[in-house]
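J.: Given next are the chains, with one letter for each unit.
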Amino acid sequence: MIDTNANILETIQMIEEDKLDIRTVTMGISLLDCIDADGARARAKIYDKITQRAKNLVGVAEGIEAELGIPIINKRIAVTPISIVAGASGDSDYLEYARTLDRAARAVGVDFIGGFSALVDKGQTEADRILMSSIPRALAETDVVCSSVDIGSSRAGINMDAVRDMGEVIRETADLTGEAHGFGCSKLVVFANAVSDNPFMAGAFHGVQETDCVVSVGVSGPGVVKRALEKAPGAPLNVSAEVIKKAAFKITRVGQLVGNLAAERLGVSFGIVDLSLAPTAEVGDSVARVLEELGLEVVGTHGTTAALALLNDAMKKGGLMACSRVGGLSGSFIPISEDIGMIEAAASGAITLDKLEAMTAICSVGLDMVAVPGDTPASTLSAMIADEAAIGVMNHKTTAVRVIPAVGLGVGDVVEFGGILGRAPVMPAHEGSSEIFVRRAGHIPSPVHGFRN
Amino acid sequence: MKVILTVTGLDHEGIIAAVSTGLADLHVNILNVSQTLMEGYFTMIMQGEFDESKQTIEDIQAAMEPIGQAAQVEIRIQSEAIFEAMHTL
Chain S
120 MIDTNANILE TIQMIEEDKL DIRTVTMGIS LLDCIDADGA RARAKIYDKI TQRAKNLVGV
180 AEGIEAELGI PIINKRIAVT PISIVAGASG DSDYLEYART LDRAARAVGV DFIGGFSALV
240 DKGQTEADRI LMSSIPRALA ETDVVCSSVD IGSSRAGINM DAVRDMGEVI RETADLTGEA
300 HGFGCSKLVV FANAVSDNPF MAGAFHGVQE TDCVVSVGVS GPGVVKRALE KAPGAPLNVS
360 AEVIKKAAFK ITRVGQLVGN LAAERLGVSF GIVDLSLAPT AEVGDSVARV LEELGLEVVG
420 THGTTAALAL LNDAMKKGGL MACSRVGGLS GSFIPISEDI GMIEAAASGA ITLDKLEAMT
480 AICSVGLDMV AVPGDTPAST LSAMIADEAA IGVMNHKTTA VRVIPAVGLG VGDVVEFGGI
540 LGRAPVMPAH EGSSEIFVRR AGHIPSPVHG FRN
Chain Z
559 MKVILTVTGL DHEGIIAAVS TGLADLHVNI LNVSQTLMEG YFTMIMQGEF DESKQTIEDI
619 QAAMEPIGQA AQVEIRIQSE AIFEAMHTL
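Residue numbers (this note's numbering), protein chains in the order written: chain S, 120 to 572; chain Z, 559 to 647.
Chain S on its own, in the form it takes in the complex (with noise of 0.2 Å):
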C-alpha cells in the first residue's frame, strides 16, 4: 500500500480543495497526407483523418478522469499549420478549411482545435497571406477553431511585413465579432519563437517535424503551489523556491501518468507534458495569488517581476524530473481573464500593460486575454506585437499576444468571454501613435547571439 494515509489526503485535497487538474489533454495530428490539388477533397480527408484519429479522444480522457479521479478540463486537437496544407489547392480563401475543422472537431466532441496557422518568422508564401487573410472571418464564423501565426524567431529576426498585417487581422476580427465585444479576438494568437507541441489554446499546432499522432498533456495547479507556500511563510525565497519544485514535482507526475495513459489507450505515441502552471478565474486557481503569497500586497507592484522569475523557474526544475518529455511553453500563464487575482489588479490598476509586458520577458507567454479600448488602431496593436516579439526573439524564449480590442467598451468596463477564458477589465494602451514605425514594415534582424552554430 502506498506508504502514508497522509499522502492520499494529500492528493485528494490537491484535487478538491486546492483545484489540481489536468488543464488539457491535445492530440496532435499531422494533416501533410491529407495535401491536395483539389481544396474540397483536401478537406474531405482532413474531415475523415481528424474524426477517426480522434474518435475516442473524449471518451478515453473521460475514463481517466473517472479512474483517477482528477478532472481533465479540456480535451483539444491541433493540427498541422493549415497554410501548409492548404497551399497546393490553389484556393483563395481558406474560410472552408476553418469550417471543416470546426465540423470535425464537433463531431467528435473536443473543446478546441488548433491550427488555422501560419508560419512566417522569415517570410510569408502566397498560402501564409491567403490564411491571414482568412482569419477573421475563421474565426468570426467557426466557434472551436483557434488561429496561430508565428512572426519572429531568434534565428530569422521578426517579420515586421506580418507583424503589421497582423494588427490589421486582429482589428478585423474584433470588428467582425463586434457584438460579443471581440471576442472572436481570444481564438488568435501571435507568437514569437512558437513551439510545434504547445498543447495550449489558442497557439497549439502540429509541427511538420512531429510524428503522425501523439498525444500531449498540460497540467495545472497554482492551488496546489499557493498551499505548499501557505505552508512555510516568511521562509527565505531559496525555500520558497524549494517548496515549490516540491509541488511542481506532484503536480507533473500527474501529467505524466495522464499522458501515458491517453497515449496508451489510443495508441499513438505520447508527446509531452507542458509544465505551465495554467490559472481560472475561478478562486483557488490563481498564479496572481501565488505571487501575492510571496509576500506583495497586490500583483503588479514593485518585485512582482522577480517574484514570477523565482515561481516560473522552480516550477521547471520541479517538472523537469516528473515526467520522461518536456515540451510545449512550459512556464507560468499570466493571462488577464483567465485569472481572478489578474482581473482584480487589472480593475484596480494595480496592474499594467507595462508591467505584464516586463513580466513576459521572464515566463510565457506574453500579453494573454489582455482587453484594450475596442477603438485601438491596428498600428498600437502592430507596436504591442513587436514590442513582445522583441522580447522573445532576443531572449530566445517564445513570447505572445492575445489582445481583444473591446469593440464598444473603454477603460473601466469588462468583457465577459465565459467559460475559462473568464472576464478581463479593459486596459489603457498607451496614446502615443506607432503608425509610421509599424508602417516601415521589412524585418527586424536576428540578434547576433541567434547564430550560435
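No wet-lab data here; the hints were simulated from the structure.
It is possible that part of the hints are untrue.
To be verified - Under the rule of at most 20 Å between Cα atoms (straight-line distance), these lysine to aspartate or glutamate pairs were calculated in the EDC-like manner: (1) S/Lys241 <-> S/Asp230; (2) S/Lys350 <-> S/Glu416; (3) Z/Lys560 <-> S/Asp331; (4) Z/Lys612 <-> Z/Asp569; (5) Z/Lys612 <-> Z/Glu638; (6) S/Lys365 <-> Z/Glu623; (7) S/Lys364 <-> S/Glu383; (8) S/Lys364 <-> S/Glu184; (9) Z/Lys560 <-> Z/Glu616; (10) Z/Lys560 <-> S/Glu184; (11) Z/Lys560 <-> S/Glu129; (12) S/Lys364 <-> Z/Glu642; (13) S/Lys174 <-> S/Asp230.
Stated by the list, open to error - Which residues of chain S face chain Z? A few of them, derived with a C-beta cut under 8 Å, are: (14) Asn124; (15) Ile127; (16) Thr130; (17) Ile131; (18) Ala185; (19) Leu187; (20) Ile191; (21) Arg372; (22) Leu376; (23) Thr420.
By construction, the Cβ of each residue, glycine as well, lies at the ideal position given by its N, Cα and C atoms.
Model the placement of chain Z on the given structure of chain S, informed by the hints.
T.: Okay, now just chain Z, sitting in the frame of chain S:
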C-alpha cells in the same frame, strides 16, 4: 486493478459495515484498511483490488454511490496509480 477508497463524513454506526458489504457484493477484495476519527469526523482509507476483466472502476463507483448516500458519507474510489505517481519515485 488496485484502488484506493476514501470514505469521509460525520461518524455514526455501521459505516464500515455498509462499505465493506457493498465491496464484497461487488467482488472487490479489501487489502488494507485504516480508519480514524477526528473531532467526530470519520475518515477511512481502504486499499482494494478487483478483476478488471469483469468490471470497470466506473461500474464500482456507480454501485457504491447509493451506498455512500444511504450511509451519509462520501466515498471516493480512485486508481492507486495516481497516488503512486505523485508520491513515489
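J.: Hint by hint, say whether it matches the structure.
T.: For each hint, the structure was consulted:
1. S/Lys241 <-> S/Asp230: At roughly 32 Å apart (the allowed maximum being 20 Å), S/Asp230 and S/Lys241 break the hint.
2. S/Lys350 <-> S/Glu416: This hinted pair holds, its Cα atoms lying about 18 Å apart.
3. Z/Lys560 <-> S/Asp331: Not satisfied, since the Cα-Cα distance of roughly 34 Å exceeds 20 Å.
4. Z/Lys612 <-> Z/Asp569: violated (33 Å)
5. Z/Lys612 <-> Z/Glu638: Cα-Cα ~18 Å, so holds.
6. S/Lys365 <-> Z/Glu623: Since the Cα atoms of S/Lys365 and Z/Glu623 sit roughly 34 Å apart, the hinted pair is violated (cutoff 20 Å).
7. S/Lys364 <-> S/Glu383: Since the Cα atoms of S/Lys364 and S/Glu383 sit roughly 28 Å apart, the hinted pair is violated (cutoff 20 Å).
8. S/Lys364 <-> S/Glu184: violated (25 Å)
9. Z/Lys560 <-> Z/Glu616: Within the cut-off at roughly 13 Å; holds.
10. Z/Lys560 <-> S/Glu184: At roughly 16 Å apart (the allowed maximum being 20 Å), S/Glu184 and Z/Lys560 satisfy the hint.
11. Z/Lys560 <-> S/Glu129: The given pair, whose Cα atoms are some 19 Å apart, holds under the 20 Å limit.
12. S/Lys364 <-> Z/Glu642: At roughly 18 Å apart (the allowed maximum being 20 Å), Z/Glu642 and S/Lys364 satisfy the hint.
13. S/Lys174 <-> S/Asp230: holds (14 Å)
14. Asn124: holds (5 Å)
15. Ile127: holds (6 Å)
16. Thr130: Check passed: Cβ of S/Thr130 comes within 6 Å of chain Z, closer than 8 Å.
17. Ile131: Given a least distance of 6 Å, the restraint on S/Ile131 holds.
18. Ala185: holds (5 Å)
19. Leu187: holds (4 Å)
20. Ile191: violated (12 Å)
21. Arg372: holds (4 Å)
22. Leu376: holds (4 Å)
23. Thr420: Hint violated; S/Thr420 Cβ to chain Z Cβ min 34 Å, cut 8 Å.
Violation of the numbered hints given earlier is confined to hints 1, 3, 4, 6, 7, 8, 20 and 23; the remaining hints are satisfied by the structure.
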